[in-house]
Amino acid sequence: MALSGMRGLSVFISDVRNCQNKEQERLRIDKELGNIRTRFKNEKGLTPYEKKKYVWKMLYIYMLGYDVDFGHMEAISLISAPKYPEKQVGYIVTSCLLNENHDFLRVVINAVRNDIIGRNETFQCLALTMVGNIGGKEFAESLAPDVQRLLISSSCRPLVRKKAALCLLRLYRKNPDVVNIDGWSDCMSQLLDERDLGVLTSVMSLFVALVSNNNEAYRNCLPKCVKILERLARNQDIPQEYTYYGIPSPWLQVKTTKALQYFPTVEDPNTRRALFEVLQRILMGTDVVKNVNKNNASHAVLFEALALVMHLDAEKEMMSQCVALLGKFIAVREPNIRYLGLENMTRMLLITDVQDIIKRHQTQILTSLKDPDISIRRRALDLLYGMCDVTNAKDIVEELLQYLSTADFAMREELALKAAILAEKFAPDLSWYVDVILQLIDKAGDFVSDDIWYRVVQFVTNNEDLQPYAAAKAREYLDKPALHETMVKVSAYILGEYSHLLARRPGCRPKEIFAIINEKLPKVSKPTVAILLSTYAKIMMHTQPPYPELQEQIWAIFRKYESYIDVEIQQRAVEYFVLSRKGAALVDVLAEMPKFPERQSALLKKAEDAEVDTADQSAIKLRSQQQTSNALVVTDQQHVNGSILGNQLGLVKMPSQKMEASTHNQGLTKENGAVSKVDPEPTPSADLLGDLLGPLAMEGPPAAPVSGEKNMISALEATPDAAGALALATVGDQSNSVQPIVNIAERFHALCLQDSGVLYEDPYIQIGIKAEWRAHHGHLVLFLGNKNTSPLLSVRALILPPSHLKMELSLVPETIPPRAQVQCLLEVVNLRASRDVAVLDFLYKFGTAVVSVKLQLPAVLNKFLRPISVSAEEFFPQWNSLSGPPLKLQEVVRGVKPMSLLEMANLFASLHLGVIPGLDTNPNNLVSCTGFYSEGTRAMLCLIRVETDPSDRTQLRITIASGDPTLTFELKEFIKEHLVNIPMSTHAPAPAPAPAPAPAAVPLQPQSPITPAGYTDPGVMLAGLL
Amino acid sequence: MPVAASAIYFLNLRGDVLINRLYRDDVGGNMVDAFRMHIMQTKELGTCPVRQIGGCSFLYMRISNVYIVIVVSSNANVACAFKFVCEAVALFKSYFGGAFDEDAIRNNFVLIYELLDEIMDFGYPQNLSPEILKLYITQEGVRSPFSSKPSEKPVPNATLQVTGAVGWRREGLVYKKNEVFLDIVESVNLLMSSKGSVLRCDVTGKILMKCFLSGMPDLKLGLNDKIGLEKESQLKSRPAKSGKTIELDDVTFHQCVNLTRFNSEKTVSFVPPDGEFELMKYRITEGVNLPFRVLPTIKELGRTRMEVNVKVKSVFGAKMFALGVVVKVPVPKQTAKASFQVTSGRAKYNASIDCLVWKIRKFPGQTEATMSAEVELISTMAEKKPWTRPPIQMEFQVPMFTASGLRVRFLKVWEKSGYNTVEWVRYITKAGSYEIRC
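Chain order of the listed sequences is A and B.
All the letters of the first sequence, read from the start, carry residue numbers 1 to 1026 under this note's numbering.
All the letters of the second sequence, read from the start, carry residue numbers 1027 to 1464 under this note's numbering.
So here's chain B without its partners, still in its complex pose:
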């Protein structure tokens, strides 16, 4: 396995080091100065997550008000490094029981050092599962006041669980009410040309699960994906039911999913860990239902005036509605004033992001809304560069709608004691990078 990190730094937004840990000695201790000088204090920040300065690569990401910087000098696996950072942050969150930010780091630095020692060894990522780590790093994080109280749990034998057949679940769990919550969260990425043709479109989705089940249950999940259905009909030797089936492109499962069974029977069966986890991730590129259509017209009238007209149509079911719709229409930097007329919601000019921002709190399905704005520009000294016309961006959330059309067909639970379970399923579609060129 390739190296993921030679050193890891946690910086605040000013560039002060909160915590750092050197895993290999091929990078110097003052690497963070280079990062501060060459990335944080220039306009490069935020343009590219991987930068090479001198012989070192800096991989960084920002999480709330903390920069996490990984420094490597060898040819590292970048994806692995970023995955490591994400997982580490999830781990920290589960320890602190709340937000991961500068204060949380300051309050828990002893714990973080201990965890950093554990989760990476000589630059190679180790076990990052919170469930397991909590068995032997039993130190409690300093919780923020708003987070939920830790539940008092007995400390079982850690080795048994780590080495056992089902490493992610303890035995002897008992719940009064056996419940399973299933969330299907999708985000739609779109790039559409000004003429309305789709240039790039895909949906990335994940199925999040929260289990409160007693004992060692065995679960089986059925989706309306094409391969699974075909296999099922093959096995049961009856024709597949008519209805919409979808093709999942990339599927990643949580380690609890039995892959041999998935390979042979194409069914998702697993023994779930206790509590919340991400069961699977998937991506689809074909047959995406776009929730919104945007029709922009932008006219530049001379050097100092512009006319912007944006019409947004919702194309999902009339009974559904979108929440928190924001349309950001970029305007040139020298914009001085803008006056608006909108059919719903409110619009204003935001100078710090150089956009006209139009917000609609609730957007029912099968309707449309328009905004028309007049923008006045100020004349500048700089030689007239043609305006690059960045794309219009959109944000939204549509509950009970999946852009992919994915549906949960069944969720079966078997347990020796044969108790009854209650299953809850939710769907939600969010905007990823939903961009329309104008």
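So here's chain A without its partners, still in its complex pose:
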């Protein structure tokens, strides 16, 4: 720098440095700025020396953080000065003070261009640096060709070409169009032939940027890159100044390897061979040495090479070599190297199938789990989590459990979660799983989230063989002196449900179990108290006839909690108390919990959410995603083949995934805009269908008894004698007939108003429906989901269409494989208006039991309606023109379900009757207008007017007009059906077992004669009458 000659500048700088405090400094700088202003304003002008001096001062002041908002013109004018010192300060100050959007920059473009195309190479370098540093769009547009010429020209010195390459890279990042000229890929490939390593390194940076955007165009450069790597790896023709600790230009090696990763594959066998040779050499040649710098350089090259190896899908041999190398790394004492080794192993694991090889290093990884450095422990945990499979799950989980008691608090939650997931995913048998989770809760109760224990409860509930074992285990844990609250919860729940299975064992009589659970009661928090109350109720239920002593004790507790401050607990206490007074009916009401519908483990979801993306945005990530899903499929099959008991576990994720795929297909096959309904993102759609599959699915068991029992209570009060038939939870009917889990009539009614939902469900199968209606066409998809682990055989589905519908069902497969879901398409065409309902006759065989159900299909009248919005001017002429029966019918309807006008409007909307507000002057009246579609009539306008009586909501007058007498009548009756009171708790119709009633178009409901007519679905009843 030419500072030595400027005394004023050095005096100023030393003045500023000598300032005692900020205030003095500010004063000094303000003074100097005033001085500079005066000088710049001087009429006589400045000598170049002075100008240079003051501009340097300005820069210094600017760098100290003060605003300098003048003098830019002076700085810019220095750019065109003839001498180097002035030019230098001009360029430097311009690139510091101005940014790319500054208007002033336009002024300099020409001067800069002159320097670039000039012959003086120092000026060229200055100009290129400045352009690279500010390089806005305008610079890119006007200067890029010149920069390119400099880069290509052979007459330039390497120094200039290096700067030109980097400058072009910066311009390219600002404006990708600058290299969009034809033949630039040829230029690039020529440039890659460069012998000078400095230029080559700069060019490679540019090349990486270009290739990352468009690898196709630069395919011809691939062999060149391999050549460069070869040259570097063989250490041929590498000048001394480019070797770093004996490694030939590690920077260029890294960049070249990176560039190669952007190409999808290497097709040419020769090139591929050469490349692998080089990679081999890198892998062989790298080792851990003493010198840190050498390590850093060689490892950087190595890890890039590893990434390339993974990317290229190298042979197994090479992979194992890589893993062996990484194994060496993780055995090193140096933590940084160990960390890198573990991390890369995890990455390899995600991408390639090297699990077996990595397993050899399992002990080493386990030692890393005890490393003092937490980041290494985390990596080790990730790796263990990734490498776990059926064969080593037991060891790894055991190890994790052991480690849990000594682990860092920061890691425990993650550790617990991962252990739980691994145990679930790879459990060789379920009892082991239960053991593991209970141990987990015991050791790290604070870190076990609710999801984990919900999950174990779900498994126990769904597997009868497991129940005694789990209950015994829970009983054992209760004996421990200090118990975590989560353990109390899970033990209480399990013992409440299944303690009766242990009745013979010592210490497991109901009285004893009650006593030991009751010990915990004073010490637990409110949610646990709620669970304990349920447990007591369950214990009571299981001890029928009751022991008076035990009953008294439990009642005392219920009574105590009847006035508890927490509403939930209070309600439970009150309800259980009343219920327990029912005597034998208690058994029916508080039956065992039904099986949980299978759904994706909430844990897995949680783990997926928690996973942090460390891999960079490249092909690697994408591949890893694909790979994991494949891995899941593989493990699934292993389970199905391998184990008898554990088959439910591994499959956790499967159904939703298959369905996901199927929805996508379905979405594609639809021609109309329905695709938009299918959410393109996989996770939400999986969720959606997961919900479809399990409308009853409970997030956690505690919620179940409450909601179920609440219903029961209300029902109990209403119809005490029908209590036996009420339970939503399956009543302990021990006959082998299959009970539906859902209320069929209710589901049908709901589906009349919605387009998708569950039509039918029993312990073995779930039938979901998804419908789409277009004019008089209907497009229904039936989802037949096998909920079980063994296939459903002799599946048969027959459609019994009423006369007004044309229906066509696609082929239903004979068997539904375990845990799979099949779809059947059902096309419906409406011919005319009618309230008759189509019936699906469904039959399947599970084991020896034959199940046959008749299901009403929600292809009802309102599905062919489309609301029309009309104005008053259009409405009244139509209304008046249709006069008198049979086109216009009026009827007073009584016994209407009382509802507000808004609710009624909502009901109408869901019936596809478009309510038009404001048409009728009376606010108590509803007017709606809809179009009815059938094959014969196409669209037929229907006008409806409902007059309600605000004083008596149970009656109303309905007037309907349309151009077709049958339509008017049918529509009137249809609306009436939906308006009259429909009790929601109609009892679930039990489909008759094997001997099915005569197949007929008439109803399916074998109604029990004692059921009062008022409690059945009137729709169904009417359908029956017709």
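It should be emphasised that the hints constitute simulated quantities derived from the structure, not laboratory data.
Treat the hints with care, since some could be wrong.
[What the hints assert, rightly or not] List of simulated lysine-lysine pairs, DSSO-like, C-alpha gap at most 27 angstroms: (1) B:Lys1119 <-> B:Lys1307; (2) B:Lys1119 <-> A:Lys41; (3) A:Lys31 <-> B:Lys1363; (4) B:Lys1307 <-> A:Lys41; (5) B:Lys1374 <-> A:Lys31; (6) B:Lys1411 <-> A:Lys41; (7) B:Lys1374 <-> A:Lys44; (8) A:Lys31 <-> B:Lys1262; (9) B:Lys1354 <-> A:Lys22; (10) A:Lys31 <-> B:Lys1411; (11) A:Lys41 <-> B:Lys1374; (12) B:Lys1325 <-> A:Lys22.
Fit chain B to the supplied structure of chain A, relying on the hints for placement.
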């Protein structure tokens, strides 16, 4: 009484802690870092004396090259805190016998710690009177070489004085020559609009007294204030003398003044402490005699030139004169050059305060002076913000002039021995914030 401080820090201008004392434990020991980070190292410094950072309030003031920072976390009495700081500084000064600055603090830190322990207890201010504290904190401060020599005094019974009827004066003082010096110091605050109308104007004054009197004298001071005169004429049942009377708005007295007598007779009578003290403070807002009139005209001629014309008139008596008159005319930040023409004094452009500074050493009464300047501005990159035109500021001192018109009518001294006293009275008016918008 509300809390005044949780901690007190003495910092130098760089932000190093010279001395600190924590009085309550509701603030952490690292509070000063927050002060340094959020106040000292930003441009906020000096804009507002009370800042809240986190849950704590920082009250600070700068005295010479020391920042005194008070940290409180509760709802403190800010006025009390600042008063405490001022009093504490006065106390330190009387101990060191000279300037209060960084060096003085470094030299006397043992003494300061002792005093800090004494003058505040658990955040509540205690007795800050130097006279009394000197009785039991007898440690001598390290005096700066220029300060006067301490007088050798006998150490009388401290308890007697603290608990006695006249807590501020020792008995048995003897002076050869009994003298009383009275200084009336006023500062004028003014804000005038560009059109010449007065927006805000008041005078704050104080009467400083220096007593060298023997025994236990009883003094009585008469001023030409309205209430006192009326009361006097009432008592003496004769009409008040014609002449100018003034209305004092807020009056604060030294603790030695007998307030019951002031309330009943409206006379200021007191037994003075020995040495120098501030007898009373007052403020008036009505009938202020402004010593100077300023007539500025500032024209912006285009983007790069300005013309400034300032005419200053002195309106006090022709026999009097003002000293040290400084007129600061603000100019935009991008000022490059200024050329001046002045009728008296000297003017120049000061870039570090962005002002044209015009200094006149001696300004006789009933005269006027003008300055005209041409200012050249440099063009800047920043988008043109309109210049805010801060007000012109003025500094001056006018001896023997009171802006309020206050006069001492009499000062009577009674003592048992009936000695003769010599009384000296001085008046001076200074500029407070004397601002004229332009």
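Hint-by-hint comparison with the structure:
{"no.": "1", "hint": "B:Lys1119 <-> B:Lys1307", "result": "21 angstroms, holds"}
{"no.": "2", "hint": "B:Lys1119 <-> A:Lys41", "result": "49 angstroms, violated"}
{"no.": "3", "hint": "A:Lys31 <-> B:Lys1363", "result": "12 angstroms, holds"}
{"no.": "4", "hint": "B:Lys1307 <-> A:Lys41", "result": "51 angstroms, violated"}
{"no.": "5", "hint": "B:Lys1374 <-> A:Lys31", "result": "13 angstroms, holds"}
{"no.": "6", "hint": "B:Lys1411 <-> A:Lys41", "result": "21 angstroms, holds"}
{"no.": "7", "hint": "B:Lys1374 <-> A:Lys44", "result": "21 angstroms, holds"}
{"no.": "8", "hint": "A:Lys31 <-> B:Lys1262", "result": "65 angstroms, violated"}
{"no.": "9", "hint": "B:Lys1354 <-> A:Lys22", "result": "24 angstroms, holds"}
{"no.": "10", "hint": "A:Lys31 <-> B:Lys1411", "result": "22 angstroms, holds"}
{"no.": "11", "hint": "A:Lys41 <-> B:Lys1374", "result": "17 angstroms, holds"}
{"no.": "12", "hint": "B:Lys1325 <-> A:Lys22", "result": "34 angstroms, violated"}
When each numbered hint is compared with the structure, violations occur for hints 2, 4, 8, 12.
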